[in-house]
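Per the numbering used here, numbering of the sequence shown is gapless, rising by one per residue and ending at 156.
Rather than coming from a laboratory, the hints here were simulated on the basis of the structure. Where hints are given, some of them may not hold.
[To be verified] Ranges between beta-carbon positions, derived for each pair:
| id | residue 1 | residue 2 | range |
| --- | --- | --- | --- |
| 1 | L115 | K83 | 23 to 29 Å |
| 2 | M148 | A95 | 41 to 47 Å |
| 3 | K149 | N129 | 21 to 27 Å |
| 4 | V82 | R125 | 38 to 44 Å |
| 5 | H87 | G119 | 19 to 25 Å |
[What the hints assert, rightly or not] Lysine-lysine pairs mimicking BS3-like chemistry, simulated, CA-CA at most 30 Å apart:
| id | residue 1 | residue 2 |
| --- | --- | --- |
| 6 | K149 | K75 |
| 7 | K149 | K76 |
| 8 | K75 | K120 |
| 9 | K149 | K80 |
Bear in mind that the values here come from a model prediction, so they are computed numbers and not experimental data. Built from N, CA and C at the ideal position, the CB exists for glycine as well.
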Amino acid sequence: MKKQTRKVVKLAFHWILVAYLAVYLLTGLGIIYWQQIEPVTLGLLGKANAMRIHDNMHIPFAILLVIHVYLGLIMKEKKSDHQ
Numbered sequence: 074m075k076k077q078t079r080k081v082v083k084l085a086f087h088w089i090l091v092a093y094l095a096v097y098l099l100t101g102l103g104i105i106y107w108q109q110i111e112p113v114t115l116g117l118l119g120k121a122n123a124m125r126i127h128d129n130m131h132i133p134f135a136i137l138l139v140i141h142v143y144l145g146l147i148m149k150e151k152k153s154d155h156q
């Protein structure tokens with residue numbers, strides 16, 4: 074894989090992980106502060122929806138985190154190979 078392609082893939086996974094964490098935090102807040110979050114999300118994220126989404130995010134989060142760490146290690150190895 075070319076260096077530029079690896080860099081784009083790594084950056085894409087960084088941003089996917091950031092977006093995923095934002096949704097995870099929002100659903101967590103939707104569970105605790107559902108009275109404030111539900112109107113802000115125009116009724117889309119009530120307490121029941123927030124709980125369902127939040128509970129189903131653990132395994133995909135772990136997978137994204139493993140990929141994120143793996144890509145970081147690959148980029149680090151490639152840097153050390155060239156030095």
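Hint by hint, here is what the structure shows:
The hinted window of 23 to 29 Å between L115 and K83 is violated, with their beta carbons roughly 35 Å apart. With their beta carbons about 24 Å apart, M148 and A95 fall outside the hinted range of 41 to 47 Å. The hinted range of 21 to 27 Å is not satisfied by K149 and N129, whose Cβ atoms lie roughly 32 Å apart. Between V82 and R125, the C-beta spacing of about 31 Å breaks the proposed range 38 to 44 Å.
Distance hint for H87 and G119: a CB-CB separation of about 31 Å, inconsistent with the stated range 19 to 25 Å. Pair hint K149 plus K75 holds up; C-alpha atoms about 15 Å apart against a cutoff of 30 Å. Under the criterion of a C-alpha separation no larger than 30 Å, the hint pairing K149 with K76 is consistent with the structure, at around 12 Å. Among the hinted pairs, K75 with K120 is inconsistent with the structure: their alpha-carbon atoms are about 45 Å apart, more than 30 Å.
A hinted pair counts as satisfied when its Cα atoms are at most 30 Å apart, and K149 with K80 qualifies at roughly 12 Å.
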